[in-house]
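Using the sequences plus the hints, can you model the full thing?
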Amino acid sequence: MTHTRGRAARGGFTLIELLVVLAIISLLLTIALPRYFGSVEKSKEVALKENLRLLRGGIDKFYADKGEYPPALSELVAQRYFRAVPVDPVTESAGTWQLLTSPDGDKPGVADIRSGAKGKTRDGTPYEQL
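FYI, in my numbering the residues of the sequence shown are 1262 to 1391.
To be clear, the hints were calculated from the coordinates, so they are not data collected in a lab. One thing to keep in mind: the hints can contain errors.
To be verified - Here are the simulated lysine to aspartate or glutamate pairs, EDC-like style, with alpha carbons at most 20 Å apart:
| id | residue 1 | residue 2 |
| --- | --- | --- |
| 1 | Lys1303 | Glu1353 |
| 2 | Lys1327 | Asp1367 |
| 3 | Lys1368 | Glu1336 |
| 4 | Lys1322 | Asp1373 |
| 5 | Lys1381 | Glu1311 |
| 6 | Lys1368 | Asp1326 |
| 7 | Lys1303 | Glu1389 |
| 8 | Lys1310 | Asp1384 |
| 9 | Lys1379 | Glu1353 |
| 10 | Lys1310 | Asp1321 |
| 11 | Lys1310 | Glu1353 |
| 12 | Lys1379 | Glu1311 |
| 13 | Lys1322 | Asp1365 |
| 14 | Lys1327 | Asp1373 |
Unchecked claim - Restraint ranges, calculated between C-beta atoms of paired labels, are given here:
| id | residue 1 | residue 2 | range |
| --- | --- | --- | --- |
| 15 | Ser1335 | Ala1284 | 51 to 61 Å |
| 16 | Gln1340 | Tyr1297 | 34 to 44 Å |
| 17 | Ser1287 | Arg1341 | 49 to 59 Å |
| 18 | Tyr1297 | Asp1365 | 41 to 51 Å |
| 19 | Arg1296 | Lys1381 | 14 to 24 Å |
Computed from a predicted model, the values in this text were never measured in an experiment. Ideal Cβ positions, reconstructed from N, Cα and C, are used throughout, including at glycine.
Put into structure tokens, the structure is as follows:
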């Protein structure tokens, strides 16, 4: 019987082989992770803008139908303009929306909505100004 000195006989990897594999994995991660986190931030901004557009459209439809602004976002759900109040994707909560009343004092209620998130978008615009 002959003994083989190859890898099959040893059944493991050398420390150098493991270090080379770890170096390759870390190099790939340093390339991929910044792109991943950038795409996550971009998708949150796109979802936030879409949710704001939908909420503002619902407020406008409520005003067109009833002749007044809704007293709260929950009224839009109660009147079936929405199934549920959309979530602010940046804060991950439906309770952080900033409700703006009408500048006309004769028409109370929620006339506009903004994000309650702190910070800025990727282009430098504060979230509360979207």
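Do the hints match the structure? See the list:
1. Lys1303 / Glu1353: Measuring from Cα to Cα gives roughly 15 Å; hence the hint holds.
2. Lys1327 / Asp1367: 15 Å, holds
3. Lys1368 / Glu1336: 16 Å, holds
4. Lys1322 / Asp1373: Roughly 12 Å between the alpha carbons, so the hint for Lys1322 and Asp1373 holds.
5. Lys1381 / Glu1311: At roughly 17 Å apart (the allowed maximum being 20 Å), Glu1311 and Lys1381 satisfy the hint.
6. Lys1368 / Asp1326: 14 Å, holds
7. Lys1303 / Glu1389: Within the cut-off at roughly 16 Å; holds.
8. Lys1310 / Asp1384: Status holds; Cα separation ~14 Å.
9. Lys1379 / Glu1353: 12 Å, holds
10. Lys1310 / Asp1321: 16 Å, holds
11. Lys1310 / Glu1353: It holds: about 14 Å lies between the C-alpha atoms, which stays within 20 Å.
12. Lys1379 / Glu1311: 18 Å, holds
13. Lys1322 / Asp1365: 18 Å, holds
14. Lys1327 / Asp1373: 16 Å, holds
15. Ser1335 / Ala1284: 51 to 61 Å: 55 Å, holds
16. Gln1340 / Tyr1297: 34 to 44 Å: Holds: the Cβ-Cβ distance is about 40 Å, inside 34 to 44 Å.
17. Ser1287 / Arg1341: 49 to 59 Å: 52 Å, holds
18. Tyr1297 / Asp1365: 41 to 51 Å: At 46 Å between Cβs, range holds.
19. Arg1296 / Lys1381: 14 to 24 Å: Taking Cβ atoms as reference, Arg1296 and Lys1381 lie about 20 Å apart, which means the hint holds.
In this structure, none of the earlier numbered hints is contradicted; all agree with it.
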